[in-house]
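**Q** Keeping their order, the protein sequence lines are chains V, G, F and W. This note's numbering applies: residue 1 is where the first sequence begins, and numbers increase by one. This note's numbering applies: residue 1 is where the second sequence begins, and numbers increase by one. This note's numbering applies: residue 1 is where the third sequence begins, and numbers increase by one. This note's numbering applies: residue 1 is where the fourth sequence begins, and numbers increase by one.
Do not rely on the hints blindly, as some may be mistaken.
[Said to hold, decoys possible] For lysine to aspartate or glutamate, the following DMTMM-like pairs were computed, each having C-alpha atoms within a straight-line distance of at most 25 Å: (1) F:K134 to V:D58; (2) F:K60 to W:D40; (3) F:K141 to V:E118; (4) F:K10 to W:D58; (5) V:K111 to G:D58; (6) V:K60 to G:D48; (7) F:K111 to W:E12; (8) F:K120 to F:D20; (9) G:K26 to V:D58; (10) W:K60 to F:E11; (11) G:K120 to W:E12; (12) F:K111 to F:E11; (13) G:K26 to G:E45; (14) V:K10 to G:E11; (15) F:K60 to W:D48; (16) F:K60 to W:E138; (17) W:K60 to F:E37; (18) G:K120 to G:E45.
[What the hints assert, rightly or not] Here are some of the chain V residues that sit facing chain G, going by a computed Cβ distance under 7 Å: (19) A64; (20) V102; (21) G140.
Honestly, the hints are just simulated from the structure, not real lab data. For each residue, glycine too, the CB sits at the ideal point set by N, CA and C.
Number of protein chains: 4
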Amino acid sequence: MNTPVGVVSKEEALKLSGMDFLQKLKNGDLPRPPFSETMDMIITELSDGFTVFTATPDLKFYNAIGCIHGGYISTLLDSAMACAIQTQLSPGTAFTTLELKVNFIRPVLVKTGAIRAEGKLIHCGRTIATAEGKLYDEQGKLYAFGTTTCALMPIGVPTNGSGE
Amino acid sequence: MNTPVGVVSKEEALKLSGMDFLQKLKNGDLPRPPFSETMDMIITELSDGFTVFTATPDLKFYNAIGCIHGGYISTLLDSAMACAIQTQLSPGTAFTTLELKVNFIRPVLVKTGAIRAEGKLIHCGRTIATAEGKLYDEQGKLYAFGTTTCALMPIGVPTNGSGE
Amino acid sequence: MNTPVGVVSKEEALKLSGMDFLQKLKNGDLPRPPFSETMDMIITELSDGFTVFTATPDLKFYNAIGCIHGGYISTLLDSAMACAIQTQLSPGTAFTTLELKVNFIRPVLVKTGAIRAEGKLIHCGRTIATAEGKLYDEQGKLYAFGTTTCALMPIGVPTNGSGE
Amino acid sequence: MNTPVGVVSKEEALKLSGMDFLQKLKNGDLPRPPFSETMDMIITELSDGFTVFTATPDLKFYNAIGCIHGGYISTLLDSAMACAIQTQLSPGTAFTTLELKVNFIRPVLVKTGAIRAEGKLIHCGRTIATAEGKLYDEQGKLYAFGTTTCALMPIGVPTNGSGE
Numbered sequence: 001m002n003t004p005v006g007v008v009s010k011e012e013a014l015k016l017s018g019m020d021f022l023q024k025l026k027n028g029d030l031p032r033p034p035f036s037e038t039m040d041m042i043i044t045e046l047s048d049g050f051t052v053f054t055a056t057p058d059l060k061f062y063n064a065i066g067c068i069h070g071g072y073i074s075t076l077l078d079s080a081m082a083c084a085i086q087t088q089l090s091p092g093t094a095f096t097t098l099e100l101k102v103n104f105i106r107p108v109l110v111k112t113g114a115i116r117a118e119g120k121l122i123h124c125g126r127t128i129a130t131a132e133g134k135l136y137d138e139q140g141k142l143y144a145f146g147t148t149t150c151a152l153m154p155i156g157v158p159t160n161g162s163g164e
Numbered sequence: 001m002n003t004p005v006g007v008v009s010k011e012e013a014l015k016l017s018g019m020d021f022l023q024k025l026k027n028g029d030l031p032r033p034p035f036s037e038t039m040d041m042i043i044t045e046l047s048d049g050f051t052v053f054t055a056t057p058d059l060k061f062y063n064a065i066g067c068i069h070g071g072y073i074s075t076l077l078d079s080a081m082a083c084a085i086q087t088q089l090s091p092g093t094a095f096t097t098l099e100l101k102v103n104f105i106r107p108v109l110v111k112t113g114a115i116r117a118e119g120k121l122i123h124c125g126r127t128i129a130t131a132e133g134k135l136y137d138e139q140g141k142l143y144a145f146g147t148t149t150c151a152l153m154p155i156g157v158p159t160n161g162s163g164e
Numbered sequence: 001m002n003t004p005v006g007v008v009s010k011e012e013a014l015k016l017s018g019m020d021f022l023q024k025l026k027n028g029d030l031p032r033p034p035f036s037e038t039m040d041m042i043i044t045e046l047s048d049g050f051t052v053f054t055a056t057p058d059l060k061f062y063n064a065i066g067c068i069h070g071g072y073i074s075t076l077l078d079s080a081m082a083c084a085i086q087t088q089l090s091p092g093t094a095f096t097t098l099e100l101k102v103n104f105i106r107p108v109l110v111k112t113g114a115i116r117a118e119g120k121l122i123h124c125g126r127t128i129a130t131a132e133g134k135l136y137d138e139q140g141k142l143y144a145f146g147t148t149t150c151a152l153m154p155i156g157v158p159t160n161g162s163g164e
Numbered sequence: 001m002n003t004p005v006g007v008v009s010k011e012e013a014l015k016l017s018g019m020d021f022l023q024k025l026k027n028g029d030l031p032r033p034p035f036s037e038t039m040d041m042i043i044t045e046l047s048d049g050f051t052v053f054t055a056t057p058d059l060k061f062y063n064a065i066g067c068i069h070g071g072y073i074s075t076l077l078d079s080a081m082a083c084a085i086q087t088q089l090s091p092g093t094a095f096t097t098l099e100l101k102v103n104f105i106r107p108v109l110v111k112t113g114a115i116r117a118e119g120k121l122i123h124c125g126r127t128i129a130t131a132e133g134k135l136y137d138e139q140g141k142l143y144a145f146g147t148t149t150c151a152l153m154p155i156g157v158p159t160n161g162s163g164e
């Protein structure tokens, strides 16, 4: 992928709805988030209250005891769930993750092959939103699942020039 | 750090107590776990039921919205908490993380400087152990905290030759 | 309901599969669990990996700030999720809840009317099982959700006489 | 205890700081919350960011498998943790629990005797606060622990007459 890696300024991000922001990320019309590059994960599906992040387990994500680190799995689920919430946000609304819960069902290995983390909105209120996530291999076997709570902050769309 | 990166075989790992295994990791007498290298984190303290992982936030761990990704913070806390439990294990005991819960209190930025994830054992039973963790900057300000549940599996120490 | 309230002995309970045990509870062929009586909740649906607990909010379950206490909601979800797991257990298998996570979406009030906590199995392994739960009113509005992790302990079916 | 059972109106509650409200509850100067009565629990300690709820396990809190129901334990921890947060609130600030996480370490039985749930503030921001809790018997043995996240809502102190 030739998309440059980088972070979008808050001002630019706030001008877009969450869905538009994610659609541009997915299409490569915005710089690729650095941690997505480091973790080698990409958004592969995106719809109202739903996202999929896809990744391929690699030895560089192994822990000391011979399987993919729980932190890597948590990263995929956190990303998919937070973005499922982000699809609901109107321009001018910032958000942050308050908490993340992940259950690990079976070890993910290099031989597991490509994995997909599905994030699904549970509820989006005015200031709090929740989502759930599931991590599958390509045969649909479940490896992990999670839930998250995010805070939504209606900051307002920056006016002309404020993003300079 | 010149320690080679790699994964220790289960057979070799099971011959050591959890504390001996971690001490060797810390000293560079065992290969550095791949994900520790990828995430640029190291064990800096190790005692009975307690560990510290230290890392320095870098732009490559940033998410799309301009701060360190929650998955990175979860990785540090998961590592510190799991290793606090591992310090309790006798040779021949494998373990796996069942679940992880993380709360994010304030964003971690590059300017935050070095951060330390402290893992502290809560309880170690025969088959289940729990730990809690806190993530601080160098001034002792709290950025995140978590808890974890691990399953302990008394497999037995491999006999001579089984590790070949 | 005229079913007597009481606790079944471990020996009697272990002779039954989890599903048979729950079916007898639901039918009133076993004593009603004391906390079900205190909390005024009953099992209303039961199938493979799925249960529903139904209750009607009452002022006696209110907290100091004027709505149903989160502990009451947690009780309903914990019960529904643990029993969804219990439906999978063969005779001779005991179980215990390791951890419970609940999110509260909106307050439950007396005027909410009857509520139903649905528990649904996520995964049942040999020693660990997980489930998720959702709490709805009769119109299908979501009030809370949760997940749980249980440990399964294959103790064996008591032989004749051991239950005396 | 001869304190009447009841719920304080939101208007009356908002006139008090969280600490004053809890002090009056503890002293019996406000009606006893209904669920505290149903669950037979009382506040026994109260200080800045810290509370203790005390209860004595009774058969009426038993589940179907012969020990105190996890929902009862969750209720004690939820109460202690939420009130630890409430001690930080100025008049005019409402709050609600967003999520609750509980780990169960060993079964609580009638023979366990009196138990104490300690709630301890972790962090109190402007709109979000977090706390942790531990449940002990009188010998200091640990039975369960938890964490919680609450949302704080600065509503304002009702003006004269609004509470009628």
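**Q** Are the hints correct? Go through all of them and say.
**A** Comparing the hints with the structure gives:
The straight-line distance between the Cα atoms of K134 (chain F) and D58 (chain V) is roughly 36 Å, outside the 25 Å bound, and the hint therefore fails. For a cut-off of 25 Å, the pair hint linking K60 (chain F) to D40 (chain W) stands: about 12 Å separates their Cα positions. The suggested pairing of K141 (chain F) with E118 (chain V) holds, with an alpha-carbon distance near 23 Å, which does not exceed 25 Å. Restraint check: the Cα-Cα separation between K10 (chain F) and D58 (chain W) comes to about 19 Å, which is no more than 25 Å; the hinted pair holds.
As the CA atoms of K111 (chain V) and D58 (chain G) are separated by approximately 30 Å, the hinted pair breaks the 25 Å bound. Between K60 (chain V) and D48 (chain G) the alpha-carbon distance is near 29 Å, which puts this suggested pair outside the 25 Å criterion. Restraint check for K111 (chain F) and E12 (chain W): the C-alpha separation of about 22 Å stays at or below 25 Å, so the hint holds. The suggested pairing of K120 (chain F) with D20 (chain F) holds, with an alpha-carbon distance near 18 Å, which does not exceed 25 Å.
Our distance criterion of 25 Å between C-alpha atoms is met by K26 (chain G) and D58 (chain V), whose separation comes to about 23 Å. Note on K60 (chain W) and E11 (chain F): the hinted pairing holds, with a Cα-Cα distance of about 21 Å set against a maximum of 25 Å. For a cut-off of 25 Å, the pair hint linking K120 (chain G) to E12 (chain W) is broken: about 42 Å separates their Cα positions. Our distance criterion of 25 Å between C-alpha atoms is broken by K111 (chain F) and E11 (chain F), whose separation comes to about 42 Å.
A hinted pair counts as satisfied when its Cα atoms are at most 25 Å apart, and K26 (chain G) with E45 (chain G) qualifies at roughly 8 Å. At most 25 Å may separate the alpha-carbon atoms for a hinted pair to count; K10 (chain V) and E11 (chain G) exceed this at roughly 50 Å. Restraint check: the Cα-Cα separation between K60 (chain F) and D48 (chain W) comes to about 29 Å, which exceeds 25 Å; the hinted pair is violated. About 28 Å separates the Cα atoms of K60 (chain F) and E138 (chain W), which puts this hinted pair outside 25 Å; it is violated.
Annotation: proposed proximity of K60 (chain W) to E37 (chain F) holds, straight-line Cα distance about 8 Å (limit 25 Å). Restraint check for K120 (chain G) and E45 (chain G): satisfied, since their Cα atoms lie roughly 12 Å apart, inside the 25 Å limit. Look at A64 (chain V): its Cβ gets to within about 4 Å of chain G, closer than 7 Å, so that hint holds up. At a threshold of 7 Å, the smallest CB-CB gap from V102 (chain V) to chain G is about 5 Å, leaving the interface hint in force.
For G140 (chain V), the shortest C-beta to C-beta distance to chain G is roughly 22 Å, which exceeds 7 Å, and the interface hint is violated.
Hint check: violations occur at hints 1, 5, 6, 11, 12, 14, 15, 16 and 21; the rest are consistent with the structure.
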